[in-house]
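One-letter residues, chain by chain:
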Amino acid sequence: MPVLTYRQALNEALREEMNRDESVFCLGEEIGRFGGSYRVTEGLLDEFGPERILATPISELGIIGLATGAAMTGLRPVAEIMTINFIMVGMDQLVNNAAKIPYMFGGEAQVPIVVRTPSGAGHQLTAQHSQVLEVWFAYVPGMYVVAPSTPADAKGLLKTCIRDNNPILFVENVLLYNDKGEVPDGEHIVPLGKAAIRREGDDVTIVSYSRMVNVALQAADALADDGISAEVIDLRSLRPLDMDTVLASVRKTNHAMIVHEGWRKYGAGAEIAAQIQELAFDYLDHPVQRVTGAEVPLPYAQSLEAAALPQLEFVVDGARTMVGKR
Amino acid sequence: MTAATEQAADPDIATMYRDMVRIRVFEETVQGLFMQSLVSGTTHLAQGQEAVAVGVAHALRPDDYSTYTYRGHHHALARGLDLEAAFAELLGRATGINHGKGGSMHLTDARLGLYGSFAIVGAGLPVAVGLGRAAQLRQDGRISATFFGDGATNIGAFHEAMNLASVWKAPVLFVCENNLYGEYSPLRSTTPVEDLAIRASAYAMRAQIVDGNDVVAVYESAREAAALARVGEGPTFLEYKTYRHRGHSRSDPAKYRPEEEVKAWLARDPLTVARRRLMDAGSSNEAELDRIDGAIGVEVEAAVERAKSAPWPELSEVTTNVYA
Ligand SMILES: Cc1ncc(C[n+]2csc(CCOP(=O)(O)OP(=O)(O)O)c2C)c(N)n1
Ligand SMILES: [Mg+2]
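Quick note, the sequences are listed as chains U and V, same order.
According to this note's numbering, the first sequence is numbered sequentially starting from 1.
According to this note's numbering, the second sequence is numbered sequentially starting from 1.
For reference, chain U alone in the conformation it holds in the complex (with noise of 0.2 Å):
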């Protein structure tokens, strides 16, 4: 199978969707003769020409927007929002046009774009340029929200995005770009919706999605060392949110953590953790656990911006002190 980076396994999954359905486009800041910021869509402007890799002006409300517009003609957008951060000035469109259409007009149109965009700190970009903002759009109703941690999936998610009818927010991650894994040739279709076990295990459930994945699979060695088995399970959407394999899993274990890199309060881990405790109460043998960044803004200095961010230790550490070998 080709080895890939997650950069350019979301690239081939444009130029297959845009080969195989004229209906999709690109738009975005910079996404033409210079690639979009990550490079995810180089070569496509010279393959598709300029209608179809549409570069625009710094203009997020306008790109969603126009998005919508098109979509419920039939086209299939696939709009770049350069950073997460960027995407609050587009947020309107996206919260209050694009995932309310196809309720409020009773069924008259449907929305099918997907909004791409990077997640996540990491680079010292501080404050407006580290966030991790895909819960707020997981709380709407209405909303898709899909985000890959590995090269693969990114492909295949992509892929089924795109051929979707509904509005959705594809997060990517800023760390993972480089990242690179085995992916399927052609056609390779991700089912969305569904988590994936990245790792089983039997002594403790560590639920996680994006790059903190990659946190959750170190520990899970790192506890193996221990005689501690780690069950590693991959979300791959916050929204539908796959509580069975979770649920499946803490039925098995007994132990429930939940990794991820926002922030605590009304996070995703509070929203799986409540239904854990909903769904799964009598299998626990301990309260769920959070690891996730610190409550605050990202500050620059490495140091600060790596104590704000969660690490490893606590992973292991947090695992160690619940299933009692500490």
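Simulated from the structure, these hints should not be mistaken for laboratory data.
In this text the structure is predicted, and so the values were computed from the model without any measurement.
Do not rely on the hints blindly, as some may be mistaken.
In silico DMTMM-like cross-links for lysine to aspartate or glutamate, where the CA-CA straight-line distance does not exceed 25 Å [claimed, not checked]:
(1) U:Lys194 / U:Glu16
(2) V:Lys255 / U:Glu278
(3) V:Lys308 / V:Glu286
(4) U:Lys252 / U:Asp226
(5) V:Lys255 / U:Asp46
(6) V:Lys169 / V:Glu220
(7) V:Lys255 / U:Glu42
(8) U:Lys265 / V:Glu317
(9) U:Lys252 / U:Glu200
(10) V:Lys169 / V:Asp140
(11) U:Lys194 / U:Glu278
(12) U:Lys180 / U:Asp202
Starting from the structure of chain U, add chain V with the ligands where the hints point.
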């Protein structure tokens, strides 16, 4: 008393030249520090745009307000930000003006009326209207200046801020640094007008188009706009045509710009233009100006060395200044 007589005496060109050189040397030093990974994250440098910052700063009172962007070192320094505190911030030290929390994109010193440096395109404009509105309510004669790029005139916040300021005659200078590019895109590929000052007419706002590489022209235009704002005549849109010598950020080599264009603008370097003015007026000569450059080089070098020996922030700093 007219507004003009309230102004301090006009600065001499030599002072403005010195301020520009200080910024130039600062930015070149930052570039070097970035290459050595002593400064991390990102930087958006302003070599070539010094005249806009310095000319406008000299037209402001020390208690006036400004807002600016991720490309903002020059604006903070022109208003008097301490060199060492600026370097220490970029180096992520405890003594940084923002305690190592803001970095390059957020250099802000409230004691100088800087309210502040924002990294979302367009974000500083409505804030500047608020600063101007506060001055109106207090009747303290202050004004605010908001600095932004050509690209920012395509975002909604720009249009809302322009309208708000105009309808309430808020004392705001809308200072557009038209450096012809937003990131890697030439203005003409994203914007249907070449002169952005045209956009002011939709808000019935006064506008001027000025050579942004001539610090004297910048100063004079800003002084006039400031005087009008102070006497209740409302905002002015100031479009300064300028050019960044370097890439958009970090190590962008700026290959997307035609060589001829770069050459033509480098020949109109604001430092060269100011030197020529000083020499043509007979008020200075090559040797004296070179001496000034050398002295500023020493001053900046000393500041960066002091900043480099400053302590790193305590980890407890992570949770300070967040109240909810
Ligand atoms: C809302 C928003 N969208 C996109 C960006 C990314 N971005 C940072 S600077 C920039 C270009 C701005 O160009 P211009 O306004 O001309 O200012 P210049 O950088 O030339 O000084 C872009 C697109 C951002 N920071 N905020
Ligand atoms: Mg510009």
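Right, here's what the structure says about each hint:
{"no.": "1", "hint": "U:Lys194 / U:Glu16", "result": "holds (23 Å)"}
{"no.": "2", "hint": "V:Lys255 / U:Glu278", "result": "violated (57 Å)"}
{"no.": "3", "hint": "V:Lys308 / V:Glu286", "result": "violated (33 Å)"}
{"no.": "4", "hint": "U:Lys252 / U:Asp226", "result": "holds (20 Å)"}
{"no.": "5", "hint": "V:Lys255 / U:Asp46", "result": "holds (18 Å)"}
{"no.": "6", "hint": "V:Lys169 / V:Glu220", "result": "holds (21 Å)"}
{"no.": "7", "hint": "V:Lys255 / U:Glu42", "result": "holds (16 Å)"}
{"no.": "8", "hint": "U:Lys265 / V:Glu317", "result": "holds (21 Å)"}
{"no.": "9", "hint": "U:Lys252 / U:Glu200", "result": "holds (11 Å)"}
{"no.": "10", "hint": "V:Lys169 / V:Asp140", "result": "holds (15 Å)"}
{"no.": "11", "hint": "U:Lys194 / U:Glu278", "result": "holds (20 Å)"}
{"no.": "12", "hint": "U:Lys180 / U:Asp202", "result": "violated (28 Å)"}
When each numbered hint is compared with the structure, violations occur for hints 2, 3, 12.
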